[in-house]
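Starting from the structure of chain A, add chains B, C and D where the hints point.
Number of protein chains: 4
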Amino acid sequence: MAAKSNQIRVGILGASGYTGAELVRLLVRHPQAGIALMTADRHAGKSMAAVFPHLAGHGLPDLIQIDQARWDAVDMVFCCLPHGATQEIIAGLPERLKVVDLSADFRLADVDVYAEWYGHPHLAPELQREAVYGLTELKRAQVREARLVANPGCYPVAAQLPLVPLIEAGGISPDDIIIDAKSGVTGAGRAAEEANLYAEVSEGVHAYGVARHRHMPEIEQGLGQAAGRPVTVNFTPHLTPMNRGILATIYVRLADGADAGDLRAALDGRYRDEPFVHLVPEGTAPATRHVRGSNHCLIGVFADRIKGRAIVISVIDNLVKGAAGQAVQNMNVMFGLDETQGLEADPLFP
Amino acid sequence: MAAKSNQIRVGILGASGYTGAELVRLLVRHPQAGIALMTADRHAGKSMAAVFPHLAGHGLPDLIQIDQARWDAVDMVFCCLPHGATQEIIAGLPERLKVVDLSADFRLADVDVYAEWYGHPHLAPELQREAVYGLTELKRAQVREARLVANPGCYPVAAQLPLVPLIEAGGISPDDIIIDAKSGVTGAGRAAEEANLYAEVSEGVHAYGVARHRHMPEIEQGLGQAAGRPVTVNFTPHLTPMNRGILATIYVRLADGADAGDLRAALDGRYRDEPFVHLVPEGTAPATRHVRGSNHCLIGVFADRIKGRAIVISVIDNLVKGAAGQAVQNMNVMFGLDETQGLEADPLFP
Amino acid sequence: MAAKSNQIRVGILGASGYTGAELVRLLVRHPQAGIALMTADRHAGKSMAAVFPHLAGHGLPDLIQIDQARWDAVDMVFCCLPHGATQEIIAGLPERLKVVDLSADFRLADVDVYAEWYGHPHLAPELQREAVYGLTELKRAQVREARLVANPGCYPVAAQLPLVPLIEAGGISPDDIIIDAKSGVTGAGRAAEEANLYAEVSEGVHAYGVARHRHMPEIEQGLGQAAGRPVTVNFTPHLTPMNRGILATIYVRLADGADAGDLRAALDGRYRDEPFVHLVPEGTAPATRHVRGSNHCLIGVFADRIKGRAIVISVIDNLVKGAAGQAVQNMNVMFGLDETQGLEADPLFP
Amino acid sequence: MAAKSNQIRVGILGASGYTGAELVRLLVRHPQAGIALMTADRHAGKSMAAVFPHLAGHGLPDLIQIDQARWDAVDMVFCCLPHGATQEIIAGLPERLKVVDLSADFRLADVDVYAEWYGHPHLAPELQREAVYGLTELKRAQVREARLVANPGCYPVAAQLPLVPLIEAGGISPDDIIIDAKSGVTGAGRAAEEANLYAEVSEGVHAYGVARHRHMPEIEQGLGQAAGRPVTVNFTPHLTPMNRGILATIYVRLADGADAGDLRAALDGRYRDEPFVHLVPEGTAPATRHVRGSNHCLIGVFADRIKGRAIVISVIDNLVKGAAGQAVQNMNVMFGLDETQGLEADPLFP
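Chains as they are written, first to last, in my numbering: chain A, 41 to 390; chain B, 41 to 390; chain C, 41 to 390; chain D, 41 to 390.
Bear in mind the hints are in silico, worked out from the structure with no lab data behind them.
You may find that some hints are simply not true.
[What the hints assert, rightly or not] Below, a list of computed lysine-lysine pairs in the BS3-like style, where the Cα atoms sit at most 27 Å apart:
#1 K44/A <-> K138/A
#2 K138/C <-> K179/C
#3 K347/D <-> K347/A
#4 K44/C <-> K347/B
#5 K44/B <-> K86/B
#6 K44/C <-> K138/C
[Claimed, not checked] Interface residues of chain B toward chain C, partial, derived using beta-carbon atoms under 10 Å:
#7 I48
#8 I217
#9 D220
#10 L237
#11 E240
#12 H246
#13 Y248
#14 G285
#15 P321
#16 A325
#17 G340
#18 F389
Heads up, the beta-carbon is just placed ideally off N, CA and C, and yes, glycines get one too.
Bound-form chain A, shown alone (with noise of 0.2 Å):
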């Protein structure tokens, strides 16, 4: 619903995308933010309801063109926007504005390896200074002082989320992890393209962007902050015929002396009071469709037959963990809110 007084007013760039709208089935139930400008280039001067019927009936703003935006309306934008065109427009907004980015525009701390991976150099390399990288679990302090939030990739929260307290804490070696990734449709985003008719994805299953994929630098980077040193590792995506859902099987080599109940230990010593991380029970296997449409992130370890090796699963829902619920849980930390607000809702199951 609109922004009541004693709320804070959030605008959200780019709503009309699966991110879009999920931010507001998000934010519609949050106690303490309210949407009062959304835009969407393609769709303006259409309600959200003609857009995405399912968020009828909230009495939210129309959709509106991104020019036409009265910045002065709102206290924080979440900014779904492409990559590239987003560096210029987060550039343009006015500074008392907090701002979380939910592209991949600010993700990577070093304009250089961007300008590798993405093909053009940076538009806004100061701003890209001031970006602090919002996966909260591991970054909760900076995330408080920031005002720009770069919100991480799906797939880096999958991976970076076991491995960061692994490598910290010295259990794994970092030169030798295979983080083999499956996921959900909606993770490609709401474009007509053919590779992502209901034909062409259903009932099969198949890797791609193989060696090449762009939340490969953004892995490296939070592993090699872990491991003090630059870190390669192996991050293997699959596309699989569901909606929401990634599930990262991650292959490890233990340290020496270490075995598979250390890593469960560093792990649960870790994420022991966290609200949205946790261990499964022991021998049993996290599957996706158990944080379907919530902000949770489970974990699961397993010895492997392979002496010296680990075996470690995660999962998380892409639209929540992995993009819109993680960016409320970074706005619920910049303006010093319950983290959990707007974000209890329990999976969806079946």
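Only chains B, C and D this time, still in chain A's reference frame:
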């Protein structure tokens, strides 16, 4: 979470099916109700999270056998047991308990009709006389006073919400109603049956129970009450490869002089102020995915090309408005609470 | 594989859609036909395997632009081009070529009806007079003599195969026919449209084109011919989350004195010796998954509980009996071959 | 159809599961084999069409109990019975019968390994010594002479076809092999189990049997034979919401000096003339949907970004190349027929 002191203390009998899980999902967010007791004979001794991992983390009581239940711990029960068994169990409950029964056992006011369709005499006819049929929008006053509410079947909800007002308004003939219904798989419950295996359901569609589905007499009971005389309908259910949702495409004959606009007007008049039942904009067709996970019912009306006919389409989530959500709505009314409590969540799409 | 000397040399115009691919799948197994030419303007220069990897390994000719086609290399063409474009292209083909057109361009005998439903005048009315409507089981004699066959639409196949014999036998009223059809997604083709994305189609069902789908006049044309006078029907299509299949649930009013057994007898009499159309055993309901990948049509008949009514259910695979298989069947008849050649494969289940 | 006089007369033991149905689908099109006998204890007395309606119309013999079988009516049998039961039944068959066993009972050459993984001593160790492991491309000469062929498991087919030639060629280390496999649901058979319900499988993915799946020793046996010494692998299967298909993403360490091109060359050399195993073009990733319904195995090879590593991806249809098709291929070899007979059909896509 477990009931707090100022909350209605709720018991769920038969909590290990999909309907039980859905009740838990809704009730853990309910501000004025708490779960105090859950039974599941086959899974007694387990935590609910062991049976439904997506429901972990709420401090719920463990599952127990029904004969271990201490009824003084609860103020009301939701009964999700198989038909037949239900009648005697409810008959044995302390009279002070309010009951919402989600089985078919108390839906048919005429115990002879029950005996005809279920193949055995009704085992609690005196309770049947007391039971109120709990399609809240149509029976709100009676539900408010009820001790025992018979929660309606999923198909009957989708059929009666649009049809009862149309018959009562005299807009359509009660004698030529064809209800072609498409349902998701969870309507069949969690029992392990070949017919509900993924490989038997996915990537295809078929009709079942043609001219003999047990929801037929329930629909005819409701429409007959509206018409003031017995009514026979065509009701043909189809199994569709989706988890949740019922779409009822209803072919009706208009009363003399009536047109599709009159039907829209009748429905708008009836439901304009209802929180959960909505007419969709003219010319648009409601989709099950726009109510998935929510307690909403959407209704669309189209003129037919056949003169004197119209097409009415309704959609619900069979586990929510067709079962658990409807049941919570009834509880809210029975206890004088705000009818939407615990039911505010928007649909989950995609 | 490419045509051998003793084979009919076939061209496929518009080979890069699902219907084109399905023609290839069937024709590479056809003992008396070979593919000599395939056009696909957007993919010209590529191999068919580059567009459809499942069709690798047959030594097929590369895709070319239609204006590069050398017509002396082929004896007949299957035309899978968009409606409108098709009329002029077929008008420009050498007269000696036999043609099976899979578009809608020549299905409606009355060019005024075409103009009304397609929004522009017919561009080849003289060809329209020559065209034979190719629902083989109902028009075999005419197809045998035809040069240009208009392959029927997928929904009209599913509707007419059961209904035409019933009307001709006088078993049902032609004035009260309701066709509730459920279709898989491939009926919409391979074009990249938002409405056909996995996330928009999976896990839900909805009606579309209510009271205005373009297959309606085609159905009414066929039923009108059977009735000997104009007929108006209700036809309501629904999009179902599956790749292939149409299920038509048809609600009919019985002629005076007729019952469901009479309908079964009429269909049995008509189709007993047909290789592709079959009555299912009494009391069973046909399922789309039982015809997936095959050229079969299954039909079931049920008495309705409403006196004087019956329910007829038919299923086909929209890409086979509803498109490419029907087209090959027509080719077989046009060339005097065994009608089942290339069409013998059983359904693929699961 | 029933066996003709010049055909191999085939019996199928345990015909009422998905694998049995798939054998029927393939064999009814086989020019030199006919089905003379089918057993299915639970469904004895029924027609196959009553159990699998998609297989109607072939004049197949009715299903019988196994103790009603007259063995003189058949020349060979396919055995699709549960493991354990199979050993004694095959031991009791007349010696003149050739047998392709699709259970796990004779796949492990070492009966102690069998006992370890299956929890009971092998019941026919002398037959085990005679049995030939039937992965045709790798054991063609032995299969040709065999009386009893142990048809390989679905996962072991997908793993060994790419890995055995790579190990034999010395291109990869046998000591650091990680096989992340994604399977469709039919691999679990048609048994009614909660875990395989539509609602438990659709719209999600999860790992299962981590570090303890029974296909592991079979894979290690094959790779150990190729390496000339015992090998331990990581094999992690995942259940994917699709009916058919296995995709194995295999992470390998290159031998010193080798690169991905060397792996491609080794596979190309091994499979260039094989009818069913194919390298896909460089840079493309094979998809399960491109082999659905066919006996093909597609293999792709990618360089990894981690130095000294490569990624090998293979896909099969678990019911065809992973079960029934592989079995027919073995029969063809055992009887000196053209190896592709009955197996020519292309994949069904979409």
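Outcome of the hint check:
1. Distance check on the hinted pair: K44/A and K138/A sit about 18 Å apart at the alpha-carbon level, within 27 Å; holds.
2. Proximity of K138/C to K179/C is assessed by CA-CA distance (about 17 Å); at most 27 Å being required, the pair is judged to hold.
3. Of the supplied pair hints, the one linking K347/D and K347/A holds, its CA atoms being roughly 22 Å apart against a limit of 27 Å.
4. At most 27 Å may separate the alpha-carbon atoms for a hinted pair to count; K44/C and K347/B exceed this at roughly 56 Å.
5. In summary, the hint linking K44/B to K86/B is supported, as the alpha carbons are separated by about 22 Å, within the 27 Å threshold.
6. The hinted pair formed by K44/C and K138/C meets the criterion: a straight-line CA distance of about 18 Å does not exceed 27 Å.
7. The interface hint given for I48/B is violated, since its Cβ lies 33 Å from the closest Cβ of chain C, which is over the 10 Å cut-off.
8. For the restraint placing I217/B at the interface with chain C, the shortest Cβ-Cβ distance is roughly 9 Å, inside the 10 Å limit, so the hint holds.
9. The interface hint given for D220/B is met, as the beta carbon of that residue sits about 4 Å from the closest beta carbon of chain C, less than 10 Å.
10. The interface hint given for L237/B is met, as the beta carbon of that residue sits about 9 Å from the closest beta carbon of chain C, less than 10 Å.
11. Because the smallest distance between the Cβ of E240/B and any Cβ of chain C comes to about 7 Å, under 10 Å, the interface hint for this residue holds.
12. For H246/B, the shortest C-beta to C-beta distance to chain C is roughly 4 Å, which falls under 10 Å, so the interface hint holds.
13. Interface hint at Y248/B: satisfied, since its Cβ lies 6 Å from the closest Cβ of chain C, which is below the 10 Å cut-off.
14. Evaluation of the G285/B hint against chain C yields a held restraint, the C-beta minimum of about 6 Å falling below 10 Å.
15. At its closest, the beta carbon of P321/B sits 13 Å from a beta carbon of chain C; the interface hint therefore is violated under the 10 Å criterion.
16. Taking 10 Å as the C-beta cut-off, the interface hint given for A325/B holds, the closest approach to chain C being about 5 Å.
17. The closest approach between the C-beta of G340/B and any C-beta of chain C is roughly 8 Å, which is under the 10 Å cut-off, so the hint is satisfied.
18. Taken as an interface hint, F389/B checks out: its beta carbon lies about 8 Å from the nearest beta carbon of chain C, inside 10 Å.
Consistency with the previously given hints fails for numbers 4, 7 and 15, ordered from lowest to highest.
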